[in-house]
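S.K.: Go ahead and model the full structure; you've got the sequences and the hints to work with.
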Amino acid sequence: MTEITPDSLGLVARVAQLTKSYGAGSTAVTALDDVSIGIRKGEFTAIMGPSGSGKSTLMHIMAGLDTATSGRVWIGNTEITGLQDTELTMIRRRRVGFVFQSFNLVPTLDIEGNILLPFELDGRKPTSGERGWIDELVGSLGLADRLRHRPHELSGGQQQRVAIARALGSRPELVFADEPTGNLDSRTGREVLSLLAASSATYGQSIAMVTHDPIAASYADRILFLADGKVVEDRTRSTAAEISEYMLGMESRS
Amino acid sequence: MNSFSFREHRPSILVASLSAAFGVSLLQVTTNLALAITSNDVLGSSAALTVMLQVIAIVFIVIATYVGAVVTANTFSTIIAGRTRTIALLRLVGATAASQRRAVASEGLMVGTIGAIIGTIAGSLVTFGLVLVGIALDFIPSIGYTYLEPVILIPIVGVVLTTWIASWVGSRRVLLVSPMQATGAALEESREEAAGHKGRNRFAFVLFLIGTAILALSVVVGMQSPVGVLVGVFGGIISFTGLILGAELIMPPTLRLVGRMLGRSPAARLAAENAVRYPERSSRMTIGLVIGVTLVTMFAVAAATFQKALSPMADAADVDPLLNGIVAVFSVLIGFSALIAAVGLVNNLSLSVLQRTRELGLLRALGFTSRQLRQMVTSEAAQLTAAAVIVGLVLGIGYGWVGAQSFIGTAPGVEGLMAPVIPLWLIGAVVVAGATLTAVASVAPTRRATSIAPVVALSVE
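So the protein sequences, as listed, match chains A and B. Using the working numbering, read the first sequence as starting at -5 and increasing by one per residue. Using the working numbering, read the second sequence as starting at 670 and increasing by one per residue.
Treat the hints with caution; some may be incorrect.
Which stretches of chain A does chain B cover? Using the computed rule of at least three CB atoms under 8 Å from a CB of chain B, they are [claimed, not checked]:
# : segment
1 : 75 to 84
2 : 109 to 116
Quick look at which bits of chain B chain A covers, simulated, 3 or more residues with Cβ under 8 Å [claimed, not checked]:
# : segment
3 : 940 to 950
4 : 1028 to 1038
5 : 1112 to 1124
By construction, these hints were calculated from the structure, which means they are not laboratory data. Ideal placement from N, C-alpha and C gives every residue a C-beta, glycine not left out.
M.R.: Quick look at the structure:
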């Protein structure tokens, strides 16, 4: 089992026997309890669960933003368990992208500066190929006439599109999205979800999205359900109604 | 409604204490110095000398208190920015903006009072210590010295009032907080509007122009008579007041220029943007230092230029020690204002890092190393210090030269205009002080910044 790389399984990220607990003794809280999952390459995966299910903690650990109490984590074929801060930073910089719920842009930089930030942090200019890709993204996201604006001059939906352009711009192996529609109205939220789904379907971008919204999850190719720190269900594309039904069932079972 | 937090106001209390201690001690020292000088002079009238020394002392106290007030206004404005959500929540449940602002101002009154009390005690202790040392070294006679002269009420009341006013000025943005900001995750607030300052900036510009014209006139008058220097003092006060009021016109462009000199690395570029993010705040953050550097430079350059003009003359050697002594004493006294300004800079940088926790977490999440974060904060500190030092040096050399030129234009051996003489020690001292300040100012903020976990960027309040 240890000889098989995540890559050969078609996985872009993987966690094994992951446990995360806070505190100690009688006050200890277990956020993740022996979780083992893989995120498949080129798929749009939703990680669903009610508040406190551990879905955000799982994503933080997978993205190298937080460390696990025990268990192992891979991004691609690189095991990131136990990596030093600087090495983790390099992984985040070069191999993963992020879309956050809010406050996701640097207010002092204009839109173009924000989109190019991952390259800037890496101390390099985009190659002409990358430049072309970014121009294409900017065009398809409708940001072409906004490049010189500052984030606060844009609507929430536009800001989130900038964040998507930034996350996709460096063609990372995996994009993590944390409640990307949490601060958006439903129409703008649907647009953002369609964009994420399209980038996965059209360009084969692997995406892992954390959400508690059944409508958001219905855009994904695959849905993982978490409850009380455990994966309780793994299903393929489902409608919002089916997802809601399952969630309600989860409530009554617990 | 807002309970008074010592922790939050510690820097403002420190600034008020420093201003009060400086004022109280300086007046006590001058009063006692006059007593000491006249004690072995039977004919001497100590009253006249005391008043004269006290007037000079009060000029320095006014400068220090003004700088302290500017620093405090800035600290309050930064604290208010951090309290936006709380204020918005109180507004949401029905508090008026005016009552919120009054609450902040009453905190200012409290800060001023506490600072004045601490400062009075500390300042008196310093004077007492100086007197003891002076007597022990046989520098001053062992006579009865006085500490509780009514005149020390001037700096005490002055500090309380200016701190109160400063908190009122600094809390202006309370009025801009909308109750909406309590709901949901408000977007990063837009840049502070400079719209309300158009009138002030225009007034500042006019003052500067008039002052500069009077300065030019003083040089012309100085060609005929040393009275020119009095015209120059008048012009200098007017033009410098214009510069201080118009700091928002001068400091942001200087900061941008210095920012560009820091290089093109991502850390330096982001730092450059941060330093001009709130032009009003960074102008206030640096103007206190500008005042200090300008005045020290002015005295040093004026004295050096004056000495050079006199050097061919026979009695120059007699004047030199006296002049050097005056420059040294004035530098120390003004240096105190610069110290207060430095406290403000350190504190504001810390607060601004604290308030940018999410943004710094975002940078970490996107791949900024903690080393780069540290570089960024240090660059910001360097940029603020360097901008203040550069402006201060330029202004100080200008004023110092006009002062010397308008005084010695008629001196024998001086033909037409003299070049300003810039003492090397001055440049060295200013550079060392600036570098030290940058280093000290970045310690706490960099520690705080690098301890931020990248996860905070994803958390929702």
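S.K.: Hint by hint, work out which the structure violates, then give me just those numbers in ascending order.
M.R.: The structure conflicts with no hint, since it agrees with every one listed earlier.
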